[in-house]
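S.K.: Take a look at the letters that make up each chain.
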Amino acid sequence: MELTGAEIAIRCLQEEGVEYIFGYPGGAVLHIYDALFQQDKVKHILVRHEQAAVHAADGYARSSEKVGVALVTSGPGITNAVTGIATAYMDSIPLVVISGQVPSYAIGEDAFQEVDAVGITRPCVKHNFLIKDVKDIAPTIKKAFYLAKSGRPGPVLVDIPKDISNHKAEFIYPSSVNIRSYNPAGKGDSAQIKRAVQILLEAKRPMIYSGGGVVLSGASAQLIELVRLLGFPCTTTLMGLGAYPASDKQFVGMPGMHGTYEACMAMQHCDVLLAVGARFDDRVIGNVEHFAQVPRKIIHIDIDPSSIAKRVKVDVPVVGDLKLVLDQMLNALRSSKQKSDASDLTAWWKQVDEWRVKGGGLRYKNSTEIIKPQFVIEKLYEVTGGDAFVTSDVGQHQMWAAQYYKFNKPRRWINSGGLGTMGFGLPAAMGVQLINPGATVACVTGEGSIQMNIQELSTCKQFHLPIKVVSLNNRYLGMVRQWQEFFHGNRYSGSYMDALPDFVKLAEAYGHVGMRIDKPSDVEPALKEAFARKKDLVFMDFQTDPTENVFPMVPGGKGLSEVILSEDL
Amino acid sequence: MRHIISLLMENEAGALSRVAGLFSARGYNIESLAVAPTEDPTLSRMTIVTNGSDAVIEQINKQLNKLIDVAAVMDLSEGEHLERELMLVKVRSEGAARAELKRITDIFHGRVIDESDRTCTIELTDTCAKLDSFLQAIGRDLILETVRTGASGIGRGERILKL
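In order, the protein sequences belong to chains A and B. For the numbering used here, count along the first sequence from 1 and bump the result up by 19. For the numbering used here, count along the second sequence from 1 and bump the result up by 571.
One should not assume that every hint holds.
[Claimed, not checked] With a Cα cut of at most 25 Å, we get these calculated BS3-like pairs of lysine-lysine:
{"id": "1", "chain 1": "A", "residue 1": "K161", "chain 2": "B", "residue 2": "K637"}
{"id": "2", "chain 1": "A", "residue 1": "K85", "chain 2": "B", "residue 2": "K637"}
{"id": "3", "chain 1": "A", "residue 1": "K62", "chain 2": "A", "residue 2": "K223"}
{"id": "4", "chain 1": "B", "residue 1": "K637", "chain 2": "A", "residue 2": "K329"}
{"id": "5", "chain 1": "A", "residue 1": "K213", "chain 2": "B", "residue 2": "K633"}
[Claimed, not checked] Computed list of chain B residues with no C-beta within reach of chain A, every gap over 12 Å:
{"id": "6", "residue": "R573"}
{"id": "7", "residue": "R597"}
{"id": "8", "residue": "E610"}
{"id": "9", "residue": "I678"}
{"id": "10", "residue": "D703"}
{"id": "11", "residue": "G710"}
{"id": "12", "residue": "R711"}
[To be verified] If you only want the chain A side, here are some residues facing chain B, beta carbon under 10 Å, derived:
{"id": "13", "residue": "V137"}
{"id": "14", "residue": "K145"}
{"id": "15", "residue": "L149"}
{"id": "16", "residue": "L166"}
{"id": "17", "residue": "R171"}
{"id": "18", "residue": "I198"}
{"id": "19", "residue": "R199"}
{"id": "20", "residue": "Y201"}
{"id": "21", "residue": "G205"}
{"id": "22", "residue": "R214"}
{"id": "23", "residue": "S325"}
{"id": "24", "residue": "K332"}
If you are wondering where the hints come from, they were derived from the structure by calculation, not from laboratory data. Note that the Cβ used here is the ideal one computed from N, Cα and C, for glycine as well.
Could you put together the complete structure from these sequences and hints?
M.R.: Structure representation (structure tokens):
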């Protein structure tokens, strides 16, 4: 029996086991929405803005190892989705975004709601397709899912013109995909792994630096085993938090712009650095010339060869899937008769511990008068037993959440690390809550970020998503204000949030529970009350200290060992 | 340093723009780019002439390989190779000067492919550097139009880029 293109597209999603699709209808996707309506396997979540559809699919993917799917219409539908797509691209999140396009015969005529979707998304997708024949829909969607999740994952766009979604064809879903020009890496080269192991065992001041790749590859168990077997200090980037347990004694915290003193110093002064699925981002190693001043051997494992030797020189590149490569490494280590020099390691740990003391740990001056944002995160950690899924927006609150919520499991920390997209947190939390029903999901945000996608409170109401919004409201775009205080002579240009809404009333207007918390002594009771409301979305508006800054801080363009501690100012 | 990179890619709509977009997005230089289908019509062969430090060239190779439509990449400059570029050049040429122009054309192994009362069009295929020399030899003042294809390259002997 022949099906329409729209029906074929939905059948493909069923075949891929898609449970939820996040979308917003419009003219060019009417046939697809009609096909969605006539089945109940794939459930549609109607968002209030296309950017949120993509972020929700993204949160769904980040918290579940699945491919997130979004559906948007042509023109403004896809342009609104671009921020979400770029967010997923920068963090290598597997998504399939289906967009409607004007009818194929109208393409190029500046038709109503026409935009070159493939062109506009090209720099921020792993790949994209414009479908020109109804027979191509099934094989293309099959390819899209395969590309999205294999190799270095990423978003894939499938643009379907309206007429094609109404043409008919036989539905045949391919059982396998073969793309001759695409061969994602698997195991690592065994000679390179042997070299790497040799260098690791000879290291005097070794350091393991892991990133988001460990989460994406599902290699957390392998990483933990490797770190314990070697006895080396371990750090994880913002994207890797949770891949190695934060409460473990070998964990030295996050490195980089707002990392711990000990992580920054150990990264800078180690003699051997094992980079595992991390990309030496400017926010992680700071000034690249400063970083290169200290001679060290770098072993870099990554599935994407272009991530290796992009910003720093690498001595031993290993291309492969981290999970497989780390298994190979573990085997090589176990069968090696050589061991690390115990006295070297002891001396190195002594140095690291001294840095820990000097850095004084992550700390802030608490107050009984005014709520300190760090205090809210500490209490959030306690009240949720450290077991919540935490999404965040972008800014100071994001850094405090990363610092003070000790993530012990991968896929629990959901944030826009690469693109730094404000407005990510709430829609991402929707995706997280849907794929993890019954789980505790907190969205740590600020009064600036939350307003970038606050309309999604309506989606949360419609689909009964009991997310807990923890808003650290300091009446400023805090990170901008912090940089203006440090580097722009206290000229707070555009960073004061005037005319803020009453968030309690706003939450109530959307049918949720709103709470305003002014006093430090009310923080814990408020959090307890909010998290006890299992069925409600609770919006907690914490009035926090507007002058608080994030420390430690490696200023932009500076080196890792030029980190500023709070007392330095 | 100047590098000449050859690649095989799927002969599909948009494939060229993926390569061109990559170069502009990442701030790489393109001196020239030549592309056409191969004996297998599903594949296109592209030759890119670029320049950059070793680190930049390494990234260019890796980023090209990362494009889903790109099936194979070879940096021809890393080994023995040949390169040729085709140029059509229209020159103002009247009276006695034409004999001189034809003489220079002969020296460069070019061909006159069109003549009118006042113009003469020459076809020349050689390395990019030779084409530059030819233009210099004629003199800029007389040149009316220059059309160059950009270099096409191929490995010498058993150095083969094929799927």
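S.K.: If you take the shortest Cβ to Cβ gap from K145(A) to chain B, is it below 10 Å?
M.R.: Because about 7 Å separates K145(A) from the closest Cβ in chain B, which is inside the 10 Å limit, the hint holds.
S.K.: Determine whether the non-interface label on D703(B) survives the test: each CB of chain A must be over 12 Å from its CB.
M.R.: holds (33 Å)
S.K.: Would you settle whether the hint for S325(A) is holds or violated, based on the nearest Cβ-Cβ distance to chain B being less than 10 Å?
M.R.: holds (4 Å)
S.K.: Does K223(A) lie within 25 Å of K62(A) when you go C-alpha to C-alpha?
M.R.: Judged against 25 Å, a Cα distance of about 55 Å means the pair is violated.
S.K.: Compute the least Cβ-Cβ separation between R573(B) and chain A, then decide whether it is above 12 Å.
M.R.: Holds: least Cβ distance 21 Å, greater than 12 Å.
S.K.: Verify the interface restraint on R199(A): the C-beta must sit less than 10 Å from at least one C-beta of chain B.
M.R.: OK, holds: R199(A) within 10 Å of chain B, min 6 Å.
S.K.: Could you check that no beta carbon of chain A comes within 12 Å of the beta carbon of R711(B)?
M.R.: For R711(B), whose nearest Cβ neighbour in chain A is about 38 Å away, the distance exceeds 12 Å, so it holds.
S.K.: Verify the interface restraint on V137(A): the C-beta must sit less than 10 Å from at least one C-beta of chain B.
M.R.: With a minimum Cβ separation of about 6 Å from chain B (threshold 10 Å), the hint on V137(A) holds.
S.K.: Report holds or violated for the interface hint on K332(A), using the least CB-CB distance to chain B and a cut-off of 10 Å.
M.R.: holds (8 Å)
S.K.: Mind verifying the non-interface call on I678(B)? Its CB should be farther than 12 Å from each CB in chain A.
M.R.: Non-interface label stands for I678(B): nearest chain A Cβ at 44 Å, farther than 12 Å.
S.K.: Answer holds if the nearest beta-carbon of chain B is closer than 10 Å to that of R171(A); otherwise answer violated.
M.R.: Check passed: Cβ of R171(A) comes within 8 Å of chain B, closer than 10 Å.
S.K.: Below or equal to 25 Å on CA atoms is what counts here, so check K637(B) against K329(A).
M.R.: holds (14 Å)
In this structure, the earlier hints numbered 3, 7, 21 and 22 are contradicted, and the remaining ones agree with it.
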